[in-house]
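*Asks:* Sequence:
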Amino acid sequence: MQGQSEVIGAVLLLVIAVALWAIAWNIFYPTYQQASQRLDRERLLAEKGLREYILVERIYLKNGHICAWVTNTGDVQTELVSLYLNNTLAWSGYIDLKAGSSTEVCTSLTTKATYRVKACSYTNCFEVTDYVP
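Numbering follows my numbering, with no gaps: position 122 of the sequence shown is 206.
Check the hints yourself; a few may be wrong.
What the hints assert, rightly or not - Heads up, simulated DMTMM-like pairs for lysine to aspartate or glutamate below, C-alpha to C-alpha not over 20 Å straight-line:
1) LYS132 <-> ASP214
2) LYS196 <-> ASP180
3) LYS182 <-> ASP214
4) LYS196 <-> ASP214
To be verified - Pair ranges (Cβ atoms, derived):
5) ASN110 <-> TYR206: 55 to 63 Å
6) GLY133 <-> LEU97: 28 to 36 Å
7) THR195 <-> ILE111: 25 to 33 Å
8) VAL99 <-> THR207: 24 to 32 Å
9) SER120 <-> VAL212: 37 to 45 Å
Everything labelled a hint here was simulated from the structure, so no lab data went into it.
Idealized CB from N, CA, C, for every residue including glycine.
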């Protein structure tokens, strides 16, 4: 019965190695999966941002308030989440814009002037300068 201790030692070493590998797998694989999924989400969001384009067609006075006519001229459905006039938040909310659709956004501002208008989605802001007659 020579060599039993070597066989038992080798089997024990193999069991320990497999157990350590299983513990490491259970710890690091979920972290790897989360990082991979986060990178995929960020990549998709960046690709969507490259394909969206919001156009502020005009701004005008309506019932004493400044309004903007905004159109999604991009390839993808997007959302309008804020409107800035001269870098001041004039409107904040959520309007879903399908590709090719338009909407009117009215603010609480009432002064006729030349405005730098920024229409923002979650990924981009699009800017135009226009005059409210």
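*Asks:* All the hints need checking, so say for each whether the structure fits it.
*Replies:* Hint check results:
1. Taken as a hint, the LYS132 and ASP214 pair is broken in the structure, with Cα atoms around 27 Å apart against an allowance of 20 Å.
2. Between LYS196 and ASP180, the direct Cα distance comes to roughly 28 Å. Violation of the 20 Å bound is thereby established for this hinted pair.
3. Annotation: proposed proximity of LYS182 to ASP214 is violated, straight-line Cα distance about 24 Å (limit 20 Å).
4. Distance restraint check for LYS196 and ASP214: the Cα-Cα separation of roughly 11 Å lies within the 20 Å cut-off, and the hinted pair is therefore satisfied.
5. Look at ASN110 against TYR206: about 35 Å separates their beta carbons, and that is not inside 55 to 63 Å.
6. Between GLY133 and LEU97 the CB atoms are about 53 Å apart, so this pair departs from the stated range of 28 to 36 Å.
7. Between THR195 and ILE111 the Cβ separation comes to about 60 Å, which falls outside the hinted range of 25 to 33 Å.
8. Hint check: VAL99 to THR207, Cβ distance near 51 Å, so the stated range 24 to 32 Å is violated.
9. Between SER120 and VAL212 the beta carbon distance is about 39 Å. The supplied range of 37 to 45 Å therefore holds.
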